[in-house]
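Chains as they are written, first to last, in my numbering: chain S, 10 to 254; chain G, 77 to 155.
Please keep in mind that the hints were generated in silico from the structure rather than gathered at the bench. Among these hints, one or two may not hold up.
As the list claims (entries may be wrong) - A few chain S residues that don't get close to chain G, going by computed Cβ distances all over 12 Å:
#, residue
1, D25
2, G35
3, K141
4, A158
5, G169
6, Q180
7, V234
As the list claims (entries may be wrong) - Below, in silico cross-link-like pairs of lysine-lysine (DSS-like), each with a Cα-Cα straight-line distance of 30 Å or less:
#, chain 1, residue 1, chain 2, residue 2
8, S, K141, S, K44
9, S, K44, G, K127
10, S, K44, G, K132
11, G, K95, G, K80
12, G, K78, G, K127
13, G, K95, G, K132
Even for Gly, the Cβ is constructed at its ideal location relative to N, Cα and C.
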Amino acid sequence: MNFAVLQFPASNCDQDAVHVLRNVLGHSARLLWHKEHSLGDADAVIIPGGFSFGDYLRTGAIARFSPVMEAVQTFAGNGGLVLGICNGFQILCEAGMLPGALIRNRSLQFRCEQIFLKTITTDSPFSNQIPKDKLLRVPIAHGEGCYFADEQTLRQLRDGNQILWRYVNAQGEPTESANPNGSLDNIAGICNQARNVAGLMPHPERASEAILGSADGRLIFESLVHALQNRKGLLVEPEPAVLAA
Amino acid sequence: MKAKIIITPKKAVVDPQGKTVQGALAQMGYSGIGAVHVGKYLEIELAVADKETARKQIDEACHRILSNPVIEDYRFEIE
């Protein structure tokens with residue numbers, strides 16, 4: 010698969026994302042500077058973490074007007090898969106490609122720690138390979154990751170099964186103390202209505218190899234690859250007729 | 077001409093900065109301190125023909141980039 014990993018001034022998780030996709034998963038991944046107008050032959054787009062444009066004005070506010078984002082909007086409009094991680098999630102919200110916004114952590118602290126994520130639905134191109142009851146151990150590193158949306162939007166997210174991940178404790182419960190930033194409903198990641206654009210604050214690319222303490226994040230990238238292979242008809246699924254027999 | 081823009085968090089949005097400042101003021105002994113909201117102030121110098129054009133331009137910019145309508149309100153004056 011061909012992944013495009015966007016690069017804005019002050020992106021800083023771009024190389025990590027490329028490393029995981031190329032060296033851990035064995036796919037093609039290339040960096041794409043924010044001034045580019047085309048995504049080329051990309052099968053999927055990763056918007057990585059960082060502090061694009063110094064987080065000036067608001068996180069993601071300036072990046073979302075970069076030329077490459079127009080191409081990303083068109084790509085997503087045609088059903089292309091887009092995953093925003095941390096600052097990437099903030100950019101997608103600012104661009105209106107995901108509902109809601111990410112605001113200052115309720116504690117006012119920059120939180121850099123390992124958290125547990127519960128996958129709320131495996132019915133998405135970003136979570137289909139995650140075993141149902143498995144909690145993901147992945148790190149967060151952000152000062153502005155408190156997810157906010159108005160009541161109506163929250164209801165739509167719940168009703169539409171668009172909440173992909175919640176912050177939970179080691180027992181899998183979405184408690185207040187397991188919520189590192191004050192996000193409504195302990196929301197850590199969501200997808201759009203069409204389910205082809207997703208964002209999450211935690212960093213799966215920093216937890217995709219055992220040597221880093223956890224390889225759980227890899228499941229998110231493997232889900233993406235699985236979804237892409239499915240789309241391209243590369244998966245060898247048993248024929249329904251065979252199953253029936 | 078100059079645009080003076082004030083951006084504040086919406087009422088429904090939690091404002092931990094405001095709450096922290098409120099706590100600090102109370103702790104310093106200031107009495108009668110109510111809710112505090114921390115926002116942003118921008119000054120933009122403008123070289124446009126008339127106030128109406130300036131107002132239209134700034135209103136659009138506030139809506140598109142300078143504020144996020146999901147979490148913030150804005151108001152401005154043109155001088």
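Verification of the hints:
1. D25: 28 Å, holds
2. G35: Check passes; 39 Å lies beyond 12 Å.
3. K141: 32 Å, holds
4. A158: 7 Å, violated
5. G169: Non-interface label on G169 of chain S holds, nearest chain G Cβ at 18 Å vs cutoff 12 Å.
6. Q180: Q180 of chain S clear of chain G: closest Cβ-Cβ about 27 Å, beyond 12 Å.
7. V234: 32 Å, holds
8. S:K141 to S:K44: 40 Å, violated
9. S:K44 to G:K127: 34 Å, violated
10. S:K44 to G:K132: 28 Å, holds
11. G:K95 to G:K80: Holds, at about 25 Å.
12. G:K78 to G:K127: 10 Å, holds
13. G:K95 to G:K132: 34 Å, violated
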